[in-house]
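**Q** Sequence:
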Amino acid sequence: MNFIVPNSSAKLECVEFRENNPRDHYARLVLGPLAPGQGVTLGNTFRRLLLNDLPGVAITAAKLNETRTEFMTLPGIRESVVEIFLNLRDIVFFNTFPDVLAPQGTITISPRPQTDESKSFHTPRVICAGDMQLPEGITCVDPTQPIATLMNGDTAFNLTFILEQSTGYRVWKKPTQSYGTGFYPSPQIESVQIEQVKSGVFQPIDGNFMPVKNVNFAVHEVQPHGEYIHFEITTNGSIHPHNAFKHAGAILTEITRATLQDPRPVVGIDEASTPVDTAVAQKAYFENIAIEQLELSLRAYNCLKRAQILTLADLSRESYSSLLALRNFGQKSAEEVAKALETYGIELVQEP
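Numbered per full-length UniProt numbering, the sequence shown spans residues 1 to 352.
Any given hint could be a false lead.
What the hints assert, rightly or not - Okay, derived cross-link-like pairs now, SDA-like style, lysine to any residue, Cα gap no bigger than 25 Å in a straight line:
(1) 246 to 169
(2) 213 to 15
(3) 246 to 209
(4) 339 to 294
(5) 11 to 339
(6) 246 to 74
(7) 339 to 296
(8) 213 to 17
(9) 11 to 242
(10) 246 to 230
(11) 305 to 350
(12) 63 to 130
(13) 213 to 253
(14) 63 to 149
(15) 305 to 344
(16) 11 to 30
(17) 305 to 317
(18) 11 to 22
(19) 246 to 35
(20) 305 to 295
(21) 63 to 73
(22) 63 to 125
In short, the hints are calculated from the structure, not lab data.
Modelling step: build the complete structure from the supplied sequences, incorporating the hints.
**A** The structure is reproduced here in structure tokens:
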């Protein structure tokens with residue numbers, strides 16, 4: 001079948017870009033012209049795709065100096081384990097090879113040897129994202145992001161962490177009695193590492209995989225051309241806002257591709273050999289229609305209620321004589337019910 005699809009002259013233009021810092025990129029994009037009504041539809045669609053469906057890389061578990069719980073403080077380190085893990089959660093990564101991700105990285109800071117020169121060394125050292133040994137293809141967007149502060153040169157800092165690529169924001173759930181851990185790893189993580197997380201060697205961390213931090217849009221009508229959507233997109237620096245929008249468009253195209261294909265017949269079902277039982281279907285339909293929808297008089301309605309005749313299916317099993325046998329139910333009420341049933345194509349049971 002050939003469809004008539006109007007030609008679209010809509011174009012996407014980046015009218016403003018601003019890099020506030022390495023982890024805060026802002027851009028304003030304009031999409032249009034569009035037909036009346038399309039602005040809000042496309043605006044909401046792209047906003048959801050940008051916030052929920054774009055992939056990102058995040059740390060989802062870590063092991064620090066053989067700690068078994070995050071509610072600890074380590075000698076010689078200013079931050080608590082919880083604060084360090086929160087800093088790890090906020091680190092932004094860029095993946096050069098989106099389809100390949102080696103899931104583990106490390107930071108190893110060894111104590112300084114006890115020499116005459118190092119004994120008097122007490123200057124704090126800030127460990128940053130740039131100190132990470134990362135898998136090939138993974139880079140830190142901002143190497144200056146702080147992780148922890150060593151108060152002197154005698155402190156060891158051994159951190160091993162697991163990286164994952166996913167979408168959205170994944171909250172780690174507290175362990176329950178029925179399931180040992182709330183950690184739900186991706187297939188990229190090796191089984192040995194999964195067991196280490198379950199056993200408590202690695203501490204799970206909430207995964208923030210969202211490269212887009214904020215999206216706002218407004219629809220402006222420009223006569224006589226049509227509607228224009230103004231998008232304001234802020235990303236974490238791992239992707240340019242313009243590229244993020246194009247990625248969202250590619251996802252939308254892939255989702256809607258199925259609507260252009262001819263529907264495939266269901267295998268193993270022969271419509272001719274499996275006729276629909278209309279009587280059964282009609283009965284199920286009438287079971288869900290209450291007698292309130294017949295808009296009967298209050299007298300007739302109360303009589304039916306007292307007799308536990310509550311649905312159209314119940315009423316279709318009654319006859320004139322059975323209705324007249326109800327208390328305070330007269331000939332006029334029976335005629336009223338029969339007329340109301342005609343609108344649904346139902347007749348009272350014919351008596352022999």
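**Q** Now, for every hint given, state plainly whether the structure supports it.
**A** Right, here's what the structure says about each hint:
Distance check on the hinted pair: residue 246 and residue 169 sit about 21 Å apart at the alpha-carbon level, within 25 Å; holds. Taking the CA atoms of residue 213 and residue 15, the gap is about 19 Å. The hint holds against a cut of 25 Å. The straight-line distance between the Cα atoms of residue 246 and residue 209 is roughly 18 Å, inside the 25 Å bound, and the hint therefore holds. For the suggested pair residue 339 and residue 294, the alpha carbons sit about 10 Å apart, so the restraint of at most 25 Å is met.
Of the pairs offered as hints, the one joining residue 11 and residue 339 is violated, with about 59 Å between alpha carbons and a cut-off of 25 Å exceeded. Taken as a hint, the residue 246 and residue 74 pair is broken in the structure, with Cα atoms around 45 Å apart against an allowance of 25 Å. Proximity of residue 339 to residue 296 is assessed by CA-CA distance (about 10 Å); at most 25 Å being required, the pair is judged to hold. Our distance criterion of 25 Å between C-alpha atoms is met by residue 213 and residue 17, whose separation comes to about 15 Å.
Note on residue 11 and residue 242: the hinted pairing holds, with a Cα-Cα distance of about 13 Å set against a maximum of 25 Å. The hinted pair formed by residue 246 and residue 230 meets the criterion: a straight-line CA distance of about 15 Å does not exceed 25 Å. For a cut-off of 25 Å, the pair hint linking residue 305 to residue 350 stands: about 22 Å separates their Cα positions. Pair hint residue 63 plus residue 130 holds up; C-alpha atoms about 18 Å apart against a cutoff of 25 Å.
About 23 Å separates the Cα atoms of residue 213 and residue 253, which keeps this hinted pair within 25 Å; it holds. At most 25 Å may separate the alpha-carbon atoms for a hinted pair to count; residue 63 and residue 149 meet this at roughly 17 Å. The hinted pair formed by residue 305 and residue 344 meets the criterion: a straight-line CA distance of about 20 Å does not exceed 25 Å. For the suggested pair residue 11 and residue 30, the alpha carbons sit about 8 Å apart, so the restraint of at most 25 Å is met.
Of the supplied pair hints, the one linking residue 305 and residue 317 holds, its CA atoms being roughly 15 Å apart against a limit of 25 Å. With a CA separation close to 28 Å, the supplied pair residue 11 and residue 22 exceeds the 25 Å bound. Annotation: proposed proximity of residue 246 to residue 35 holds, straight-line Cα distance about 21 Å (limit 25 Å). Annotation: proposed proximity of residue 305 to residue 295 holds, straight-line Cα distance about 13 Å (limit 25 Å).
Under the criterion of a C-alpha separation no larger than 25 Å, the hint pairing residue 63 with residue 73 is consistent with the structure, at around 14 Å. For a cut-off of 25 Å, the pair hint linking residue 63 to residue 125 stands: about 20 Å separates their Cα positions.
Hints 5, 6 and 18 from the list above are not met by this structure, while the remaining hints are.
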